[in-house]
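Please model the complete structure; the sequences and the hints are all you need to start from.
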Amino acid sequence: DAGITQSPRHKVTETGTPVTLRCHQTENHRYMYWYRQDPGHGLRLIHYSYGVKDTDKGEVSDGYSVSRSKTEDFLLTLESATSSQTSVYFCAISDGGRGTEAFFGQGTRLTVV
Amino acid sequence: GENVEQHPSTLSVQEGDSAVIKCTYSDSASNYFPWYKQELGKRPQLIIDIRSNVGEKKDQRIAVTLNKTAKHFSLHITETQPEDSAVYFCAASNQGGKLIFGQGTELSVKP
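Going down the list, the sequences are from chains A and B.
Note that our numbering numbers the first sequence so that position 110 is 921, with each residue one more than the last.
Note that our numbering numbers the second sequence so that position 30 is 1494, with each residue one more than the last.
One should not assume that every hint holds.
[As the list claims (entries may be wrong)] Reference listing, derived: stretches of chain B covered by chain A, where coverage requires no fewer than 3 residues with Cβ under 8 Å from a Cβ of chain A: (1) 1499-1512; (2) 1558-1564.
[Said to hold, decoys possible] In silico EDC-like pairs for lysine to aspartate or glutamate, Cα to Cα no more than 16 Å straight-line: (3) K1486/B <-> D1513/B; (4) K1501/B <-> E912/A; (5) K1535/B <-> E1570/B; (6) K1574/B <-> D1548/B; (7) K1506/B <-> D849/A; (8) K1486/B <-> E1469/B; (9) K868/A <-> E1466/B.
Honestly, the hints are just simulated from the structure, not real lab data.
Glycine residues also receive a C-beta, built at the ideal position from the N, C-alpha and C atoms.
Next comes the structure, spelled out in structure tokens:
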């Protein structure tokens, strides 16, 4: 498996609190992605990064922010969690070159109560 | 931006039959089209991919076809087995690296 780790794996939080999910990679891949997975919606892109401090919005970016201060780490922050953000969050990495396969982390199950 | 539509959302086949899943994409600049399999409770994993300069690719029982003019691509699984039961996702990506997925197809292979 590619060296990609998400933390925490499970989290329960209260509405209105800030939450940060971490994605850590040891592959030195250029691209990193955050997706959320909900029944009937597949994998929806929240934000992605194409380099250190270079990020862009995905399909469902409202209510989320990201930061990438170093190659290895991509942080996803829910500024003020809402129940609609209850989901499974997946991080993925890709080198973006000829080997463009994206490798996924184990996922983080977030419940907002 | 890119939009990927995937059909059907559920597919049930008898063991040994073939299964076909279809996707369409909107961004003509997309040049990479992977397919992922996700088993229950696990992470998605790549099963096959195709680039825009190729029309078809095979890997044992799995094949993918691409029609760039029509902007659609398909996954074909032959001689299906119960272990093929999973959710399958198509995706599209352009040179900028943005990777957009379809909604997924839940494939059930009945023994």
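Proposed proximity, E912/A with K1501/B (alpha carbon, max 16 Å): Roughly 13 Å separates the two Cα atoms, so the pair holds.
Satisfaction of hint between D1513/B and K1486/B, Cα-Cα up to 16 Å: This hinted pair holds, its Cα atoms lying about 14 Å apart.
Given coverage of the region 1499-1512 of chain B by chain A, checked by CB-CB distance under 8 Å (3 or more): Coverage by chain A holds here, the residue count being 4 at a Cβ distance below 8 Å.
Restraint status (C-alpha distance of K1535/B to E1570/B at most 16 Å): 23 Å, violated
Restraint status (C-alpha distance of K1486/B to E1469/B at most 16 Å): 8 Å, holds
Coverage criterion applied to the region 1558-1564 of chain B (partner chain A; beta-carbon cut 8 Å; 3 residues): holds (count 5)
K868/A paired with E1466/B [C-alpha distance capped at 16 Å]: The given pair, whose Cα atoms are some 12 Å apart, holds under the 16 Å limit.
Pair hint K1506/B and D849/A, alpha-carbon separation not exceeding 16 Å: The hint holds at about 14 Å.
Distance restraint between K1574/B and D1548/B, which requires alpha-carbon spacing of 16 Å or less: Within the cut-off at roughly 10 Å; holds.
Against the hints set out earlier in the document, a violation occurs for number 5 only.
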